[in-house]
Amino acid sequence: MGSVPSTTDVNRQKLDELARLGWYHSIELPDGSVIQGFQTLDVLRRRAAQFPIPADLRGKRALDIGAWDGWFSFEMERRGAAVVAVDSSALQRFQVARELLASRVEHRIGDVCRLSAHEIGYFDIVLFLGVLYHLKHPMLALEKVCELSTDLVCVESFVTDDGSDPAAKPLMEFYERTELCGQFDNWVGPNVACLVAMCRTAGFASVHLESVLDHRAHVTCRRRWPEPAEVTDAAPYLTSVENAATRDREFCNANDDYLAIWFKSPRPNLTPADVFPRIGPYGSHPVFLESTGGDGWHVNCKLPPGLAPGWHPATLRTTGSDWAKPVRIGVDLSAEQRRQRPPRAESWEVRIHIVTDGKTWERNLVHTGVNSCVSVWVSGLPEDADKTAVAVWLDGDDLPAVFLSEPDPQGLRQINAMVPQAARPGEHTVAAGFGGAISAPVPVRLV
Amino acid sequence: MPVDRAAENATFQELVQRQVELMSAKGWYHSIDLPDGNVVQGLIGVDALKGRLAAFPIPASLAGKRVLDVGAWTGWCSFEMERRGADVLAVDCIDFDEFHEAHRMLGSRVAHRLLDVDELTPATVGLFDYVLFFGVLYHLRNPLLGLEKICAITTGTAFVETFVTDDGSGPCTMEFYETTELGGQIDNWVGPTVQCALALCRSAGFARVKLEYLSDRRAGITCHRHWDPPPADPSEPAPRLSSAVNNRSNDIYFHPGKDEYICLYFNSAVPDLTRGRVLVEIDGYGAPILVLAELRPQAWQANLRVPPGLAPGNHTVRLRTEASNYSNPFRIVITEPGQQPEPALARAAVPQGITEPAPVIYEVRNGMTESDVFHGYRKEYVCCRFRTPETGLDRQSVIVEIDEAEQPVLFLTDLGEGCWQTNSRLPADIAAGTHRVRVRTLRSPFSNAGAIRVEL
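Top to bottom, those sequences are chains A and B. This note's numbering numbers the first residue of the first sequence as 1 and each following residue consecutively. This note's numbering numbers the first residue of the second sequence as 1001 and each following residue consecutively.
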């Protein structure tokens, strides 16, 4: 077990010191004088310096959760950000400091799990410092923090070890009462491996442990993947995207939804660290990756939190490749959005002649289920058309071509595409698209 | 130091793998015994199912009781509860054909709904005398939240069965499974030790939590919402409860969804009280104490969580020792959901107009020294003690004036026998000399004047 600080003399001294000073954070006033708090300016600056927070935050929104006396809020404001500070109770010292600094930081009272983007919006930077171990539901809070952020989250938490053991497995102590430092509002003590794993599970693209100092871990969580440093490989090719549970193309923010993405990649021996799924602007790391034979792969990743209701492009890249041609997924679609067709010009050139089930060859009928496939015979495709540039559209869903035949004697080319396993039975339409052009829709019945 | 984790234990992995294979072969998870004596064989045999149930103190007759089966799967437990006479709701997050097939074969009237644990609330499913929570806890990313949801809909007893990572000798910790570490399944999230599973159940708000059995890394835990009844022949005097307030505001108002704690202040002549010997209940539901501290001889403070699921409105707190009867009741208020702490509202809620007689001040004291002399220190509270026939006062409905200026009442204590105490601060600019203190309630005229002396 990691050694956990208990109510020691050191702790008691700390509490005495706090009682004497009153302030936890020190605050530097415009005239150069300093309100001395328990944490000196040097200590506070060192805490902030553990994270890659840009020096210039003009035009950015920052959220400081558990702001306490407010040093971090005022520091983000000093760097140019529009700042919202949140704490669980009203603190007079914050208001005093805010007035002395003539600050415009907005202060709100609220528990972290009840913050909502609807009320406070989204933030480029979220500071989540010294709060996690005070929460009974740490995973829920991290999911909420992820949802409110659009780019960078800085997480600082008490941890039970120093993270130096590479074999350490994710483990969390649970404090039913006053086991941690004699205070009953401390609930959990993760080890470093557990803190990092929970951050990843919350829905961030990437999670990086910056440092562990004196039982405090500093973790940088990012919602976006960087662009590849150098493009050396061909882009992967998506063949199908489904909701891993419902097997259709629709997702719900309130559910714990995962995407199942099938793709082809010329790069052999992929590992999860080589695959970068992206939905809308947000990265989501693979939680599962398997080879499906040949150059085929299947990857699962979490639906990243915070996507607005509507259609979003899902894509991925591998290390050294460019992004794959995206496939649209629907998130919390309204009935109106569900009917929305992709914004493409209808083409007189591309025309569907035949629609069949890809296995039974029944006309204008497709059996849904595992490996369900639709085949269309199309005229009007350019001779050099590649299957990666061709798609079949089932109502709103773009189904990438998994097969494109050479022209037959009549000049028709066959396109095969995978239909989501749980596509809704009933009357639908299919269209075939190439580049910016799309054919007129043709009726098809799913059974 | 490497930690022994169940997820890496080879024997355990093999066991899980074998179960998964068996299940895909059989299709049914629970076996189902049909009325004609035939049995649909599932992964878990009827004997094993009966054995698991028998390990819990579930009454043989459940006539007139409502029972909830969370994670019902193929439904053997639901049908067994129905057989014992209960009105049963089975919920699961997946719609298993086998449940419906068994339901038809048995001619069952068990209700079935597709719900996640997070969706179980008094509003969606109502309240239940008994709740079965078998094999679900370790599938939750927020296990304590799940147990709180269960506690909130349980009026009697919940039976929790879960995977655990040790034999009960380990510390209070929880393994976290980011991907497929536990049994190769992505929907396993946490592995608590036995100690941790018990602590989670207690923290969720259950009064009494008992480990019933432990075998093959599965633990059975009974979680009661009530204490045992007080002894028929109490050998200790009942405590006297003087205040029950929100730890953040010192108000009697509590906000659903916020992480608020109740601070109880009480007097008891019983020496050497410990946390386990003091039993607090709110509306009859037991609530375990997190911290108990002796403030002065016979004067105690206890801190505890607000039990989940209390509806908006008035609620009654009382407490007893193991060997005593219950104390006097004390009122707390749960506000409407979404209502933010707003002290002015509390005052506005009291009907205006003088309907009660004036209180009578019998002493005013310096809270630090118990004299009537003040030196202007921050912690020298002005303690104004008075009598009134009014009951159910809170700090917003009492008004204290020093000279002619109102001073906020920071704390109100019910001293018993119609006696009350307000704590207020001295005005920051108070001058040396003698000052007049008066008190009234929102429904009464001002009292007689007490006096304090300030020596700066």
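Because the hints were derived from the structure by calculation, they are not lab data. Heads up, some of the hints might be wrong.
[What the hints assert, rightly or not] Calculated pairs, EDC-like style, for lysine to aspartate or glutamate (alpha carbon to alpha carbon, straight line, at most 20 Å): (1) A:K169 to B:E1178; (2) B:K1258 to A:D274; (3) A:K169 to B:E1336; (4) A:K60 to A:E147; (5) A:K325 to A:E336; (6) B:K1258 to A:D185; (7) B:K1258 to A:D408; (8) B:K1258 to B:E1336; (9) A:K387 to A:D408; (10) B:K1210 to A:E176; (11) A:K169 to A:E210.
No experiment lies behind these values; they were computed from the predicted model shown.
Tested hints:
For the hint linking A:K169 to B:E1178, the alpha-carbon distance of about 10 Å falls within 20 Å, and the restraint holds. With a CA separation close to 42 Å, the supplied pair B:K1258 and A:D274 exceeds the 20 Å bound. Proposed proximity of A:K169 and B:E1336 is contradicted: the alpha carbons are some 43 Å apart, above 20 Å. For a cut-off of 20 Å, the pair hint linking A:K60 to A:E147 stands: about 17 Å separates their Cα positions.
At most 20 Å may separate the alpha-carbon atoms for a hinted pair to count; A:K325 and A:E336 exceed this at roughly 25 Å. Under the criterion of a C-alpha separation no larger than 20 Å, the hint pairing B:K1258 with A:D185 is consistent with the structure, at around 13 Å. Taking the CA atoms of B:K1258 and A:D408, the gap is about 68 Å. The hint is violated against a cut of 20 Å. A C-alpha spacing of about 12 Å is found between B:K1258 and B:E1336, which places the hinted pair at or below 20 Å, so the restraint holds.
For a cut-off of 20 Å, the pair hint linking A:K387 to A:D408 stands: about 16 Å separates their Cα positions. Between B:K1210 and A:E176 the alpha-carbon distance is near 16 Å, which keeps this suggested pair within the 20 Å criterion. For a cut-off of 20 Å, the pair hint linking A:K169 to A:E210 stands: about 18 Å separates their Cα positions.
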